[in-house]
Amino acid sequence: KAGVTQTPRYLIKTRGQQVTLSCSPISGHRSVSWYQQTPGQGLQFLFEYFSETQRNKGNFPGRFSGRQFSNSRSEMNVSTLELGDSALYLCASSSDGLGAQHFGDGTRLSIL
Amino acid sequence: GQQVMQIPQYQHVQEGEDFTTYCNSSTTLSNIQWYKQRPGGHPVFLIQLVKSGEVKKQKRLTFQFGEAKKNSSLHITATQTTDVGTYFCAGPPGNTGKLIFGQGTTLQVKP
Numbered sequence: 667k668a669g670v671t672q673t674p675r676y677l678i679k680t681r682g683q684q685v686t687l688s689c690s691p692i693s694g695h696r697s698v699s700w701y702q703q704t705p706g707q708g709l710q711f712l713f714e715y716f717s718e719t720q721r722n723k724g725n726f727p728g729r730f731s732g733r734q735f736s737n738s739r740s741e742m743n744v745s746t747l748e749l750g751d752s753a754l755y756l757c758a759s760s761s762d763g764l765g766a767q768h769f770g771d772g773t774r775l776s777i778l
Numbered sequence: 052g053q054q055v056m057q058i059p060q061y062q063h064v065q066e067g068e069d070f071t072t073y074c075n076s077s078t079t080l081s082n083i084q085w086y087k088q089r090p091g092g093h094p095v096f097l098i099q100l101v102k103s104g105e106v107k108k109q110k111r112l113t114f115q116f117g118e119a120k121k122n123s124s125l126h127i128t129a130t131q132t133t134d135v136g137t138y139f140c141a142g143p144p145g146n147t148g149k150l151i152f153g154q155g156t157t158l159q160v161k162p
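Heads up: the sequence lines are chains A and B, in that order.
Numbering-wise (this note's numbering), the first sequence opens with residue 667 and increments by one.
Numbering-wise (this note's numbering), the second sequence opens with residue 52 and increments by one.
Rather than coming from a laboratory, the hints here were simulated on the basis of the structure.
Incorrect hints may appear among the rest.
If the Cβ cut is set under 10 Å, some of the chain A residues that face chain B in the computed set are [said to hold, decoys possible]:
{"no.": "1", "residue": "701"}
{"no.": "2", "residue": "703"}
{"no.": "3", "residue": "709"}
{"no.": "4", "residue": "714"}
{"no.": "5", "residue": "719"}
{"no.": "6", "residue": "722"}
{"no.": "7", "residue": "726"}
{"no.": "8", "residue": "730"}
{"no.": "9", "residue": "750"}
{"no.": "10", "residue": "751"}
{"no.": "11", "residue": "754"}
{"no.": "12", "residue": "756"}
{"no.": "13", "residue": "758"}
{"no.": "14", "residue": "761"}
{"no.": "15", "residue": "763"}
When the alpha-carbon atoms are kept at most 25 Å apart in a straight line, the in silico SDA-like pairs for lysine to any residue are as follows [claimed, not checked]:
{"no.": "16", "chain 1": "B", "residue 1": "87", "chain 2": "A", "residue 2": "752"}
{"no.": "17", "chain 1": "B", "residue 1": "161", "chain 2": "A", "residue 2": "705"}
{"no.": "18", "chain 1": "B", "residue 1": "121", "chain 2": "A", "residue 2": "722"}
These figures come from a predicted structure and were not determined experimentally.
In this text, a Cβ means the ideal position worked out from N, Cα and C, and glycines have one as well.
Construct the complete structure from the given sequences, taking the supplied hints into account.
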C-alpha cells in the first residue's frame, strides 16, 4: 500500500505571496489532517477533513485554509504569507481521524 | 485550552541506560498515541492505548495509560543508538475530535 504523499517537498516563497500544498492519503483513508511543525511550537494542529468536510479546526488565522476532494486528496492554502509561516507542513491520513495517523514526508516552506 | 504536556524536553543517555518520557493532559483523553520522529523524518505511529490503566509492550518499549486517562508514559529499556529521535504523545481531549500533540521529548543516545 502506498503511503501518504505530499507535494512539493520544498518551497521558497516571499512575504505576501500565497501557496498551495497537496496531500494524497493512503488508499481507503477518508480523514486527512494537517499540522504545522516548527522547532519552537512543536506539532500544531491546523485542521482535519473527512469526506470532503472540514470536521475540526485548530487555532490558526483565516489565511490558512484547506479542502478535500471526492478522492480524499487534500490541499492546504496559505495566503498573504508571513515570515512566521516558515515551517514543515505535515499531512496525515487515518481511517477515522482519531486513530493512528500516517504522516507524509512533509512540505518544507521557507518564506524570504 | 486543552494541552498535552511532555517532560522532559530533552534527554541524553549513555547507550544501555533506560529512558522514560511522561505525558500529561489537562483533560481526560479518549485514547493516547505515541509517535517517533527520527531527525529529518516524519512522525511514525508506534502504538495506541485506549483503556484506563492499560500497559502495552513492544520489545524494549513499555507504554502505560494512567488510571484517570490523563497521563501516559513511554519507557525504553537498555537504549540503543537506533532509539535516537523525538517521541511524541498525542490524544483527543474529551469529545473535541482534535488530536493534540505534546511538545515531544528528544532522546540522544551516546554510544
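To see whether the hints hold, each was checked on the structure:
no. : hint             : verdict
1   : 701              : holds (8 Å)
2   : 703              : holds (9 Å)
3   : 709              : holds (4 Å)
4   : 714              : holds (7 Å)
5   : 719              : violated (12 Å)
6   : 722              : holds (5 Å)
7   : 726              : violated (12 Å)
8   : 730              : violated (15 Å)
9   : 750              : violated (18 Å)
10  : 751              : violated (19 Å)
11  : 754              : holds (8 Å)
12  : 756              : holds (6 Å)
13  : 758              : holds (8 Å)
14  : 761              : violated (12 Å)
15  : 763              : holds (7 Å)
16  : B:87 with A:752  : holds (23 Å)
17  : B:161 with A:705 : holds (22 Å)
18  : B:121 with A:722 : holds (22 Å)
Hint violations for this structure: numbers 5, 7, 8, 9, 10, 14, all remaining hints satisfied.
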